[in-house]
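Asks: The primary structure of each chain is shown beneath.
Number of protein chains: 2
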Amino acid sequence: MDEHRERTAAWTKPLQCIVKLGGAAITCKNELETINEDNLNTVSSQLREAMILGPCHGMDWSRRPGSLENPTVPDDFDDQLESDSKNFIVVHGAGSFGHFQASKSGVHKGGLSKPLVKSGFVATRISVTSLNLEIVRALAKEGIPSIGMSPFSCGWSTCERNIAIADISTVVKAIGTGFVPVLHGDAVLDSSLGCTILSGDVIIRHLAEQLRPKYVVFLTDVLGVYDRPPSEPDATLLREIAVHEDGSWSVIKPKLQDTSKQVEITVAAHDTTGGMITKISEAAVIAKLGIDVYIVKATTKHSVRALKGQLKENIPDDWLGTVIRLAK
Amino acid sequence: MDEHRERTAAWTKPLQCIVKLGGAAITCKNELETINEDNLNTVSSQLREAMILGPCHGMDWSRRPGSLENPTVPDDFDDQLESDSKNFIVVHGAGSFGHFQASKSGVHKGGLSKPLVKSGFVATRISVTSLNLEIVRALAKEGIPSIGMSPFSCGWSTCERNIAIADISTVVKAIGTGFVPVLHGDAVLDSSLGCTILSGDVIIRHLAEQLRPKYVVFLTDVLGVYDRPPSEPDATLLREIAVHEDGSWSVIKPKLQDTSKQVEITVAAHDTTGGMITKISEAAVIAKLGIDVYIVKATTKHSVRALKGQLKENIPDDWLGTVIRLAK
Numbered sequence: 001m002d003e004h005r006e007r008t009a010a011w012t013k014p015l016q017c018i019v020k021l022g023g024a025a026i027t028c029k030n031e032l033e034t035i036n037e038d039n040l041n042t043v044s045s046q047l048r049e050a051m052i053l054g055p056c057h058g059m060d061w062s063r064r065p066g067s068l069e070n071p072t073v074p075d076d077f078d079d080q081l082e083s084d085s086k087n088f089i090v091v092h093g094a095g096s097f098g099h100f101q102a103s104k105s106g107v108h109k110g111g112l113s114k115p116l117v118k119s120g121f122v123a124t125r126i127s128v129t130s131l132n133l134e135i136v137r138a139l140a141k142e143g144i145p146s147i148g149m150s151p152f153s154c155g156w157s158t159c160e161r162n163i164a165i166a167d168i169s170t171v172v173k174a175i176g177t178g179f180v181p182v183l184h185g186d187a188v189l190d191s192s193l194g195c196t197i198l199s200g201d202v203i204i205r206h207l208a209e210q211l212r213p214k215y216v217v218f219l220t221d222v223l224g225v226y227d228r229p230p231s232e233p234d235a236t237l238l239r240e241i242a243v244h245e246d247g248s249w250s251v252i253k254p255k256l257q258d259t260s261k262q263v264e265i266t267v268a269a270h271d272t273t274g275g276m277i278t279k280i281s282e283a284a285v286i287a288k289l290g291i292d293v294y295i296v297k298a299t300t301k302h303s304v305r306a307l308k309g310q311l312k313e314n315i316p317d318d319w320l321g322t323v324i325r326l327a328k
Numbered sequence: 001m002d003e004h005r006e007r008t009a010a011w012t013k014p015l016q017c018i019v020k021l022g023g024a025a026i027t028c029k030n031e032l033e034t035i036n037e038d039n040l041n042t043v044s045s046q047l048r049e050a051m052i053l054g055p056c057h058g059m060d061w062s063r064r065p066g067s068l069e070n071p072t073v074p075d076d077f078d079d080q081l082e083s084d085s086k087n088f089i090v091v092h093g094a095g096s097f098g099h100f101q102a103s104k105s106g107v108h109k110g111g112l113s114k115p116l117v118k119s120g121f122v123a124t125r126i127s128v129t130s131l132n133l134e135i136v137r138a139l140a141k142e143g144i145p146s147i148g149m150s151p152f153s154c155g156w157s158t159c160e161r162n163i164a165i166a167d168i169s170t171v172v173k174a175i176g177t178g179f180v181p182v183l184h185g186d187a188v189l190d191s192s193l194g195c196t197i198l199s200g201d202v203i204i205r206h207l208a209e210q211l212r213p214k215y216v217v218f219l220t221d222v223l224g225v226y227d228r229p230p231s232e233p234d235a236t237l238l239r240e241i242a243v244h245e246d247g248s249w250s251v252i253k254p255k256l257q258d259t260s261k262q263v264e265i266t267v268a269a270h271d272t273t274g275g276m277i278t279k280i281s282e283a284a285v286i287a288k289l290g291i292d293v294y295i296v297k298a299t300t301k302h303s304v305r306a307l308k309g310q311l312k313e314n315i316p317d318d319w320l321g322t323v324i325r326l327a328k
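So the protein sequences, as listed, match chains A and B. Under the UniProt record's numbering, think of the first position of the first sequence as 1, with each following residue one higher. Under the UniProt record's numbering, think of the first position of the second sequence as 1, with each following residue one higher.
By construction, these hints were calculated from the structure, which means they are not laboratory data.
Since the list can't tell identical chains apart, any single copy or any two copies may satisfy a pair.
25 angstroms max Cα-Cα, derived DMTMM-like pairs, lysine to aspartate or glutamate:
hint	residue 1	residue 2
1	Lys114	Asp75
2	Lys114	Asp76
3	Lys214	Glu3
4	Lys104	Glu82
5	Lys109	Asp84
6	Lys297	Glu240
7	Lys109	Asp75
8	Lys114	Glu49
9	Lys214	Glu313
10	Lys109	Glu82
11	Lys114	Glu82
12	Lys297	Glu232
13	Lys86	Glu49
14	Lys29	Glu69
15	Lys86	Asp167
16	Lys13	Glu82
Bound conformation, chain A alone (with noise of 0.2 angstroms):
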């Protein structure tokens, strides 16, 4: 426990929250490589109001690629003091960015000596950093002091998948110099299978882990962690999850007829892709930490409560959305 006051000494703060922005969120899932612009629009401003108190500025200040407009950069910053803030840590998924790239070229199951694996990581690698591009300016915009950080330049990697190697010296170094890191799932080199996928998931489990914050909120487009596909009519949306000591974990709310274990098999019979599954699952590492994790729709007023951590204590009625907690 003391490892982590020990790295963020020179904080002069706690760490709030790790965000995470789901792929499918800002993203149009279906349509190669292309941001759900009014989403990423709501999503930073929501971001804003949960971080920064007082005014901001827009801080990007650059052309859009294709435009002969010139940027606007806001004249009215002399004398004025620094608003207080809240230091965050955004960490994005890629949704219709970087799939396409990796699912041809195998990118995830490694052999980088393959030509084909060594141009996909290439490709995937330029797919997802674009995102990661496009997500800074949003948040910038907005006023939010981001720093689009990849985690493969960062010197991060893995080991049969696992992380082995992930220096956080520089995303503490940002936080503390009053930045908001934004990292992303990315491709990685892998000392076993020489490369793979790192996923955002995966990313804020090991930073919740590192370095604490006081919760965790994963923005998605659903409400939550339902007991079957959400498309379904029956589908319930399970409110509360509780973890236990030995890593186990059950639905606490609503009560339902089925024992917890048959909800961890139906929810994992939808989840072809690992997605929900693998969600919880780390949701459930970081919840045995002591740290609360929100799973919930993005660009609602659900979201915005999660984001300014109004959920500490008991959970309002009318709040939609999973909470993934240690069990009292």
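Knowing the structure of chain A, use the given hints to seat chain B on it.
Replies: Chain B only, in chain A's frame:
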């Protein structure tokens, strides 16, 4: 001398070359954030010719921003052996990217607690990382396995504008696994000033010291170094500059009436931005290590010869450019 061998022990072949893509050569100097596409494409093609022997594939499989066209993915990968290639590092300047944002906010002078400087820091990084992404894409399209690596993300920082922390292990690993790192001048944290700009030229000197390439090439928008502003009618191209053990340098070719001291002063006098003098002094430090430095106009037949390392011994009379090397 043995330190760099230890560092690069995992490489199967030595570092051939570090190339600087000068901002003026690849962007349109007087148009905000505009890439000189023709030049960038020709530079990429010349680099591919110098690096890769054999067939290669396009590695940019992403849509252009704003374009609806789907990217082309080569489909002739099966069973193909990897082409033989040489180890290169690319570093680029900012040209019409980043300078506007940096000078508007004074990022190079530090003072991160001021809202203007902090905003400018974010804005500068957005601009230079946009350019980095475009250069990575142009190289990848040509078949070069390029990997964008931002100095800030790599954890590099300065103290009173001198490099303080610049761990190159990620660069070394990327090269060892067959990639071409693409770095750039960047806004970084400075332990004394708060922040500053780390220039591409300083990055090149650091990488050359640590990794000992066979030669270094600076691609610029003029033929090389002149004895006065190249726009003046009597300007003479300096073909060869010798660097002495004490760090001083003198013009070997052509034989000039003026002493080398006068040349130095003349060069300094037309160099208000510090550009050419910084370049020569950084180049002199590299040359002192016994590494030849070629300053040459991008996209010419002269640049391709320099990139291919065809100038090791005598400089042919029909090669136009400036060689800076250790005095014999």
